[in-house]
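The primary structure of each chain is shown beneath.
There are 2 protein chains.
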Amino acid sequence: MITRMSSLFLRTLREDPADAEVPSHKLLVRAGYVRRVAPGGYSWLPLGLRVLRNIERVVREEMEAIGAQEIQFPALLPREPYEATGRWTEYGDSLFRLKDRKGGDYLLGPTHEEMFALTVKGEYSSYKDFPVVLYQVQTKYRDEARPRAGILRGREFLMKDSYSFDLTDEGLAESYQRHREAYIRIFDRLGLSYVIVSAMSGAMGGSASEEFLATTPTGEDTFVRSTESDYAANVEAVTTPAPPALPVEGRPEAQVHHTPDTPTIESLVAFLNGAGLGREFTAADTLKNVLVKVRAPGATEGELVAVAVPGDREVDAKRLEAAFYPSEVALLDDADFTANPFLVKGYIGPKALQDNGVRYLVDPRVVPGTAWVTGADKVDHHVLDLVCGRDFTPDGTIDVADVREGDPSPDGKGTLVAARGIEIGHIFQLGRKFADAFGLDALGADGKPIRITMGSYGIGVSRLVAVVAEQSHDEHGLVWPRSIAPADVHVVIAGKDDTVREGGARLAEQLDGAGLSVLLDDRTATPGVKFADAELIGVPTIVVVGRGLAKGVVEVKDRATGERVEVPVDEVVAHLVDLVA
Amino acid sequence: MITRMSSLFLRTLREDPADAEVPSHKLLVRAGYVRRVAPGGYSWLPLGLRVLRNIERVVREEMEAIGAQEIQFPALLPREPYEATGRWTEYGDSLFRLKDRKGGDYLLGPTHEEMFALTVKGEYSSYKDFPVVLYQVQTKYRDEARPRAGILRGREFLMKDSYSFDLTDEGLAESYQRHREAYIRIFDRLGLSYVIVSAMSGAMGGSASEEFLATTPTGEDTFVRSTESDYAANVEAVTTPAPPALPVEGRPEAQVHHTPDTPTIESLVAFLNGAGLGREFTAADTLKNVLVKVRAPGATEGELVAVAVPGDREVDAKRLEAAFYPSEVALLDDADFTANPFLVKGYIGPKALQDNGVRYLVDPRVVPGTAWVTGADKVDHHVLDLVCGRDFTPDGTIDVADVREGDPSPDGKGTLVAARGIEIGHIFQLGRKFADAFGLDALGADGKPIRITMGSYGIGVSRLVAVVAEQSHDEHGLVWPRSIAPADVHVVIAGKDDTVREGGARLAEQLDGAGLSVLLDDRTATPGVKFADAELIGVPTIVVVGRGLAKGVVEVKDRATGERVEVPVDEVVAHLVDLVA
Numbered sequence: 034m035i036t037r038m039s040s041l042f043l044r045t046l047r048e049d050p051a052d053a054e055v056p057s058h059k060l061l062v063r064a065g066y067v068r069r070v071a072p073g074g075y076s077w078l079p080l081g082l083r084v085l086r087n088i089e090r091v092v093r094e095e096m097e098a099i100g101a102q103e104i105q106f107p108a109l110l111p112r113e114p115y116e117a118t119g120r121w122t123e124y125g126d127s128l129f130r131l132k133d134r135k136g137g138d139y140l141l142g143p144t145h146e147e148m149f150a151l152t153v154k155g156e157y158s159s160y161k162d163f164p165v166v167l168y169q170v171q172t173k174y175r176d177e178a179r180p181r182a183g184i185l186r187g188r189e190f191l192m193k194d195s196y197s198f199d200l201t202d203e204g205l206a207e208s209y210q211r212h213r214e215a216y217i218r219i220f221d222r223l224g225l226s227y228v229i230v231s232a233m234s235g236a237m238g239g240s241a242s243e244e245f246l247a248t249t250p251t252g253e254d255t256f257v258r259s260t261e262s263d264y265a266a267n268v269e270a271v272t273t274p275a276p277p278a279l280p281v282e283g284r285p286e287a288q289v290h291h292t293p294d295t296p297t298i299e300s301l302v303a304f305l306n307g308a309g310l311g312r313e314f315t316a317a318d319t320l321k322n323v324l325v326k327v328r329a330p331g332a333t334e335g336e337l338v339a340v341a342v343p344g345d346r347e348v349d350a351k352r353l354e355a356a357f358y359p360s361e362v363a364l365l366d367d368a369d370f371t372a373n374p375f376l377v378k379g380y381i382g383p384k385a386l387q388d389n390g391v392r393y394l395v396d397p398r399v400v401p402g403t404a405w406v407t408g409a410d411k412v413d414h415h416v417l418d419l420v421c422g423r424d425f426t427p428d429g430t431i432d433v434a435d436v437r438e439g440d441p442s443p444d445g446k447g448t449l450v451a452a453r454g455i456e457i458g459h460i461f462q463l464g465r466k467f468a469d470a471f472g473l474d475a476l477g478a479d480g481k482p483i484r485i486t487m488g489s490y491g492i493g494v495s496r497l498v499a500v501v502a503e504q505s506h507d508e509h510g511l512v513w514p515r516s517i518a519p520a521d522v523h524v525v526i527a528g529k530d531d532t533v534r535e536g537g538a539r540l541a542e543q544l545d546g547a548g549l550s551v552l553l554d555d556r557t558a559t560p561g562v563k564f565a566d567a568e569l570i571g572v573p574t575i576v577v578v579g580r581g582l583a584k585g586v587v588e589v590k591d592r593a594t595g596e597r598v599e600v601p602v603d604e605v606v607a608h609l610v611d612l613v614a
Numbered sequence: 034m035i036t037r038m039s040s041l042f043l044r045t046l047r048e049d050p051a052d053a054e055v056p057s058h059k060l061l062v063r064a065g066y067v068r069r070v071a072p073g074g075y076s077w078l079p080l081g082l083r084v085l086r087n088i089e090r091v092v093r094e095e096m097e098a099i100g101a102q103e104i105q106f107p108a109l110l111p112r113e114p115y116e117a118t119g120r121w122t123e124y125g126d127s128l129f130r131l132k133d134r135k136g137g138d139y140l141l142g143p144t145h146e147e148m149f150a151l152t153v154k155g156e157y158s159s160y161k162d163f164p165v166v167l168y169q170v171q172t173k174y175r176d177e178a179r180p181r182a183g184i185l186r187g188r189e190f191l192m193k194d195s196y197s198f199d200l201t202d203e204g205l206a207e208s209y210q211r212h213r214e215a216y217i218r219i220f221d222r223l224g225l226s227y228v229i230v231s232a233m234s235g236a237m238g239g240s241a242s243e244e245f246l247a248t249t250p251t252g253e254d255t256f257v258r259s260t261e262s263d264y265a266a267n268v269e270a271v272t273t274p275a276p277p278a279l280p281v282e283g284r285p286e287a288q289v290h291h292t293p294d295t296p297t298i299e300s301l302v303a304f305l306n307g308a309g310l311g312r313e314f315t316a317a318d319t320l321k322n323v324l325v326k327v328r329a330p331g332a333t334e335g336e337l338v339a340v341a342v343p344g345d346r347e348v349d350a351k352r353l354e355a356a357f358y359p360s361e362v363a364l365l366d367d368a369d370f371t372a373n374p375f376l377v378k379g380y381i382g383p384k385a386l387q388d389n390g391v392r393y394l395v396d397p398r399v400v401p402g403t404a405w406v407t408g409a410d411k412v413d414h415h416v417l418d419l420v421c422g423r424d425f426t427p428d429g430t431i432d433v434a435d436v437r438e439g440d441p442s443p444d445g446k447g448t449l450v451a452a453r454g455i456e457i458g459h460i461f462q463l464g465r466k467f468a469d470a471f472g473l474d475a476l477g478a479d480g481k482p483i484r485i486t487m488g489s490y491g492i493g494v495s496r497l498v499a500v501v502a503e504q505s506h507d508e509h510g511l512v513w514p515r516s517i518a519p520a521d522v523h524v525v526i527a528g529k530d531d532t533v534r535e536g537g538a539r540l541a542e543q544l545d546g547a548g549l550s551v552l553l554d555d556r557t558a559t560p561g562v563k564f565a566d567a568e569l570i571g572v573p574t575i576v577v578v579g580r581g582l583a584k585g586v587v588e589v590k591d592r593a594t595g596e597r598v599e600v601p602v603d604e605v606v607a608h609l610v611d612l613v614a
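Chain order of the listed sequences is A and B.
At position 326 of the first sequence the residue is numbered 359 (the numbering used here), and the sequence of numbers has no breaks.
At position 369 of the second sequence the residue is numbered 402 (the numbering used here), and the sequence of numbers has no breaks.
Source of the hints: derived by calculation from the structure; they are not laboratory data.
All clues given are correct.
Residues of chain A placed beyond 12 Å of chain B at every Cβ, according to the derived structure:
| no. | residue |
| --- | --- |
| 1 | 359 |
| 2 | 420 |
| 3 | 444 |
Simulated pairs of lysine to any residue, SDA-like, Cα-Cα distance not exceeding 20 Å:
| no. | chain 1 | residue 1 | chain 2 | residue 2 |
| --- | --- | --- | --- | --- |
| 4 | A | 154 | B | 51 |
| 5 | A | 466 | A | 359 |
| 6 | A | 135 | B | 178 |
| 7 | A | 154 | B | 69 |
| 8 | A | 135 | B | 130 |
| 9 | B | 161 | A | 556 |
| 10 | A | 135 | B | 127 |
We put the beta carbon where it would ideally sit given N, CA and C, even for glycine.
In isolation and in its complexed conformation, chain A is listed as follows:
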């Protein structure tokens, strides 16, 4: 295929768009790949659409390779199935809701677990039908609070979502693993740098959910990685290793001290170190008791829960939320303190909490035998040498303290450093939540129903165009990997005389004949303009047909490395065919 720039619907821009901050947004607009038509809504111009379709092709090939079957749902969906799973309300403001002419409630699908579960229930009924993996490449809608960065976070976007249906947990684990491998192949073929991070710990089990994050300094998501191993995780998923328990014997008695005006950790540590106690205290020696209200889904009343973390750490809001999910969690307000007079603000300790039936959950570092300074449930008083397992017994552990660079890596190798990334894929062992909502069963060999277990797997297809651009560009423009470039070769006719023009056109036809796709710059613009546009557009190989033609050579330039070689014109087709293959 030859695409002639003289008639291509493309106007490149010399200036960055005013609303663009990240490189991919600037360059995709400047190079004429996308245009903004609404907040979080973009049109795809011809070159952009080609890259998008190329990415779709890679995704489809790898999905087919693991036996996934493509189907397609509408984007406009009825309320009822989403009501049945609670997601009609759970999605909050992120869901686009609308009414039809008869007043019926509809939504624009943000993801399709409900529809796939119902469809499998409609078609399949026997254990012999399973497992099955279905997928679609389909337009999704989310009413983002802050659509940003062009197509990186839009409100309408293209997604590949797939769903696995298995009879057993082991089957689900296999389907999950196959998706994981397919995703690795997809992102490798796109030439991306990425990490696979544990996305959630706790309730869902360690490996039940992983995210693929493309590493880039402009990423919205923070994660941590080890300095010395492959370990990487979302901050929510980092598990703190528990230190070994210590012997209780021989530890000093717990003692209540008068610690006037010490409602904060800082004031407490300063007071203790000035109190002539004969030892040094740090914030890490204190135990901070934070009170939260936890409300289970559907419940009207919340439960009071105490979370204890070492005084040198804060409770991380996202980790707190993840730890209690799907319950909602909130800090206490003044009214709550008034209603619970045993809570002495600034001086809360485990005794009053446990005496009053408040669940007491502690950081994993609080193991038996560790001694703490903490509140004595009385204004201006703290207790020292309160030993876990002797003076108090926690109701459980909770891993919600903030994670810091320098913390030991959970796999025991190296320490953690923070990094930023963009979510490009998410794989998730859903389990039986959706099957339960719709009664999705298979009839077993023994005539008894088997509840199906599901996995859900997503790739942000349109986002990937921006992610690749974000990782692969330089100061001159985009640098597409060959697998998804809008053309194989960009032929620049650099000269106005007929020999050069005809030579360029003939070369384009020969390349087309050899099965390559060619972007041919046959415009009347100056060579300077054409070179700048070629760099901006980012086709991996640029061929300049110009003055050299008189000597029988053309210049072949590698967009990524900038390397140029002169190639005899009668060898250039074979040379380029080799290069592309």
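We have chain A already, so just place chain B on it with the hints.
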């Protein structure tokens, strides 16, 4: 590619779905191509999605062949551009409207003229940039009052919409013609029977808009065609040939007669024929004056207009609406008659109308010299021999009388007969309406702006799946044309023994190796079930691998004709490759 039915996500149904009336709907559901998920909302299962993609491919190839460039817009669009052209309100209840989390107004695009016009305005500015043709294959939304017939009339559907942008009317006419030819090639490749009908007459000019209607008795659209020529038109677009004018001289004087109790044409004709006037009257001799209110877009007040049609015809509501478009037109109610006492109901004549400044438009058959019986503006009185051009002069003609089978064809060849069809394509010379709304100009060679003129062209891509099914099926199931079939060959393994099973699998692999796509029925079902499913699914060629294999032959069956031939197993690959090519 080999698709194995043992694992294909497909369950065929023996019974027609309860809500299906037309054959395509019944068969596409029974054969497992689509499933209903909401009113007017369908999911595409694997085989259906393949046919849809094949149709998309044909459409894209022919669009690219006329130089159209593919881009893609969001479906979720902001209100403002549609407000600027008046379509935000004009679409009425057919438009899905919604609000985002900030209360901003959005719509789900029913068609994208506004967005394409704005995009061209954003990119192009010089006369050298034009003409340009852009298109997309994109999901559209219309909140149909009565979604019906499965995917024939859905609320979410896939459409190819293209738009041409030209500097001159001649350029637009050429762009229109190129689309017309591309559409003919597309529908021919799909093997469809269709007619091209004039879609609108009057204001827009005769050939400014044509519809492609697939002819089928289950079609929603009525059209007329000539018994003796290629003439075909929507009822709205039929033009009535005017008879030659007659001489006025020597015609009897107009005379008012007392015609008691004759407010209807029927009662009037009966009275006249019993009045001993010495001649026979028919309804066609009378002139019926129908009063309407016409309200221009944006106007608050309507204008009173009289429409005169021969008494043997009714005013056709759709033709009336088309004749006054974009004004709105309504019949008079009692209050209007009370407010205009010169209107004597049942006895209205041209005199009182024209004396009171009411615009008087007449049927094309009312030419100078024709004499009519009509109202005398007085209860129980009519006037006879009122001669057009002598006793009254119409303010213009209007072609809104009903069209009947047997009417002469407007091209002078044969007479009209009624037929039914389904709209599959629409081509439309829009002119400058949208360019005017957005100030879409090109700077001319002389430095002066040139207002761009647009064409708009649509094909209902998803609907075509149903339309082909509607025209191509028999009592056993679907019969796909080769160009869009879900597979090239359906290989049925008819037997349980290993030789047959292995023979079928080997044949499928050989066919795959030869570049054919194969649907392989490797299920454990009985041959009877497999044969029935093969007929239902409708792949054009069915190969039965069964008992004959022992003699070295397989059976090749043509789905459309039912013809069967035995082919030696070592020749069958070559035979099928020939057949498919």
